[in-house]
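**Q** Sequence:
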Amino acid sequence: MRNFIVLCLLFGCSCSSSPKKWLLETDDTKILLETDTSGQLVFSNIANTTNDFNWVSSFSPVPFISNVAVDGKNYTTKWIYKSVTHTEHGIVFEYTNQYPAIELTAIFEAHKGRGPVRYSMILKNISETPVTIYNAESIELNIPNEKNEHFITYINDDATHPDSIGVYRELLETNYEKTLAISEYHDWIPFVAVDAGNQYGMYIGWEWSIGRISINNSLSTIKIKAGISDDFKTDIAAGETFYVPPAFIGAYHGDFDECGNSLRKYLFNHAMPDLIRKDSSYPKLAWNAFAPTGKSLGSWDPVESKYYPFIDDIAPLGFEEVVIDIGWWSSYGDPGNMITDSIDWPSGMKAAAKYAQDRNIRFGLYSNEPENLTSDSGFAEKIKDITYLIKELGADFYRSDATAGPIIAGTYGSGQRAKYKEDVSYWSIYSFYKIIDSLYKSIPGFSWENCSNGGGLKDYGAVKRSSKVQNQDVYYPHEARRAFYDASHVFHPMQLATIVGSWEPWQASGSVYEFRSAALGAFYWHPDAPNGGNGGPVWTDQHKADIKRAVETYKHKLRPLIRNADLYHIFPRPDNINWDGIEYFDPATNKGVVYIFKPKAGNDTKKIKLKGLNPSINYKVSFEDGTNQPVLIRGSVLMNEGIEVTLKGELVSELMFFEQ
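Letter by letter, the sequence shown follows residues 12 to 671 in the working numbering.
Please note: incorrect hints may appear among the correct ones.
With a straight-line cut-off of 30 Å between C-alpha atoms, the simulated DSS-like cross-links for lysine-lysine are [to be verified]:
hint : residue 1 : residue 2
1    : K631      : K617
2    : K568      : K555
3    : K93       : K135
4    : K475      : K361
5    : K365      : K306
6    : K135      : K234
7    : K289      : K602
8    : K475      : K189
9    : K361      : K289
10   : K430      : K89
11   : K611      : K622
12   : K622      : K659
13   : K276      : K475
14   : K622      : K602
15   : K566      : K617
16   : K244      : K189
17   : K452      : K395
18   : K306      : K555
19   : K432      : K244
20   : K317      : K365
21   : K602      : K475
22   : K236      : K189
23   : K452      : K123
No lab work stands behind these hints, which were simulated from the structure alone. Keep in mind that this is a model prediction, so the values were computed, not measured.
Please build the complete structure, drawing on both the sequences and the hints.
**A** See below:
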């Protein structure tokens, strides 16, 4: 089995000057760790299992903490090897530093299946005095690049509004420098990939919400660092434990889609909530009630009188989740619980929840109340606030957002866990993750719908805990597809909520074109109610029948592919002019689908080439809307020559299904 350590050349338990080696291996990534003559643990080989190209042919030291201080006096650490333990999925190394007395645990995990090797590190202060630690890099790799022929790929998080480019791929020329800021605002996904001519590559990801990834190419070496910040420092009390943010390293063979298909398998199996991974009815068909229930079009003040008719409209269509968004309260109730606006919601939120749940619709409640997460009181209040939504108001899940301030916030000084401005973000994130983790453990069925200005918390630490992340905060169909195009390269699509529909007149129609734009991953939209209660068009019986059919198609044909299939970006990034779309293909079932969108009139026929199929078998190709005749085509033809598809008009979509 290649699911973890397949080679260990460790002799004895004491540190010696002779090098020792350990190999970790997933189905497509292998990493060789060694100790050099000084005892330093290093990456000596990072490669894909297919092509064996070593991305670190010169040693890259594993970044242990090197500088600490006691009472203001600085010390350089001298880590002494203590022991190594083989676990079911990897290796655990134990080191100690004599003064100040610190224990260091380095954990490497390599799970069976495709995907990266994960690395995390824990420091425990076993001295009798506080210790200040500096820096705290999660990953620091040195990649030889003598010919300057490698490329770097990184991706904008598209928070609020999709970036003009989205997916950046640049040649790593001499003196190339780039720092990718990671925060709760519009910046970058904590992921980079280095590739050789789009034929094979390696990637790193970082499981934290605020920090940076830096890339520097000089002296024929690419140096990539992922960590909190260059000036990070924090105090660790006697007996206290500090967790360095985890990271992962993977290697792939093929183009960037193959990188994503490998990573997504890992994310599905090991880096998302059990609730959505184990329940095949996720992702749910969700309707945010923002547009239908506002006092007026686009109002941040929802009312009960529009909510109940709205639920009566959408339940027969088969929708599975509803969210009451911003403004359902009269005050935050501090200190205490949020207070429902009894004038606008005379029956209360618990009644609203039950009404939806009795119709097989999960009910979510929005909360944007900020708390100071670096204080014990703020930590406790946040848990209390969210628990109240679930246990007292009857919500099934909690929806976050940042309209009243950052979700992850804190300060430093007296009474705070953070003692310096440099460690505020760390301890705020640590507390928030701990809150969400505790709620999953204490409340059966709990989930967190992750929104922060639409995509602001689009990172591997947050997404590991989210049922879904709102992908962007503008709601035109092509903008939703554009944000999905970017993020779906490196996240699992079943967690990417490409929200569509708002109060623009044509946009509020809830058309099938809009529906499919919202159905690329975790379905999510918020047009007006079918009854047109906030000025939108009143749906005809045919309109309702069309959407009900689209709902059934999503549940029974699209959702299994979104969960299990490989994903290919076979069209260019959406531009609202040219044809766009994506392909899903599941090699286990030999089934797939191509989403096709034609925004503008003209260019009615296009040849579409597929990827990832079995070239030697025949595929039955059919079209959901009957726009083209079904046909039988060999896999090699679909991939090399393509299939000609005709769509007429504008704002036209189609689902092209294919199976063996």
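**Q** So, for every hint listed, does it hold in this structure?
**A** Hint check results:
1. K631 - K617: At roughly 19 Å apart (the allowed maximum being 30 Å), K617 and K631 satisfy the hint.
2. K568 - K555: 19 Å, holds
3. K93 - K135: 14 Å, holds
4. K475 - K361: Holds, because 29 Å separates the two Cα atoms, which is no more than 30 Å.
5. K365 - K306: Status holds; Cα separation ~22 Å.
6. K135 - K234: 28 Å, holds
7. K289 - K602: OK: K289 and K602 at ~21 Å, within 30 Å.
8. K475 - K189: Within the cut-off at roughly 26 Å; holds.
9. K361 - K289: 28 Å, holds
10. K430 - K89: 26 Å, holds
11. K611 - K622: Satisfied, since the Cα-Cα distance of roughly 25 Å is no more than 30 Å.
12. K622 - K659: 25 Å, holds
13. K276 - K475: 13 Å, holds
14. K622 - K602: Within the cut-off at roughly 12 Å; holds.
15. K566 - K617: 28 Å, holds
16. K244 - K189: At roughly 23 Å apart (the allowed maximum being 30 Å), K189 and K244 satisfy the hint.
17. K452 - K395: Within the cut-off at roughly 15 Å; holds.
18. K306 - K555: 24 Å, holds
19. K432 - K244: 9 Å, holds
20. K317 - K365: Satisfied, since the Cα-Cα distance of roughly 16 Å is no more than 30 Å.
21. K602 - K475: 28 Å, holds
22. K236 - K189: Distance ~11 Å between K236 and K189 Cα, so the pair holds.
23. K452 - K123: Holds, at about 26 Å.
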